[in-house]
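Whenever a hint applies, use it, and build me the whole structure from the sequences.
For the sequence shown, the residue numbers in our numbering are 1 to 58.
Quick caveat, the hints were computed from the structure, so don't treat them as lab data.
No experiment lies behind these values; they were computed from the predicted model shown.
Take these hints with a grain of salt, some might be off.
[Unchecked claim] DSS-like cross-link-like pairs, simulated, lysine-lysine; straight-line CA separation at most 30 Å:
1. K57 <-> K24
2. K57 <-> K44
3. K38 <-> K24
4. K57 <-> K32
5. K32 <-> K44
6. K41 <-> K57
7. K38 <-> K57
8. K41 <-> K24
9. K44 <-> K24
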Amino acid sequence: MVIGANFGGKTMPKHVSKGEVTSKRAASAAAKVLRNPKSSKAAKTASASALTQRPNKK
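Below you can see the structure in the form of structure tokens.
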């Protein structure tokens with residue numbers, strides 16, 4: 001399934017698959033990218049996408 005997401009006037013596809021979960025290690029790396037003010041917009045977008053596939057903390 002592909003869902004379009006609007007980023008600054010540009011539509012980018014977002015692939016969604018049931019059962020896909022980002023690993024804890026990958027989620028930690030993604031969070032580090034998001035906290036870094038020097039990270040590119042593309043890196044932050046990819047990192048945010050990875051974190052949306054991570055289960056919520058309980």
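What hint numbers does the structure not satisfy?
none
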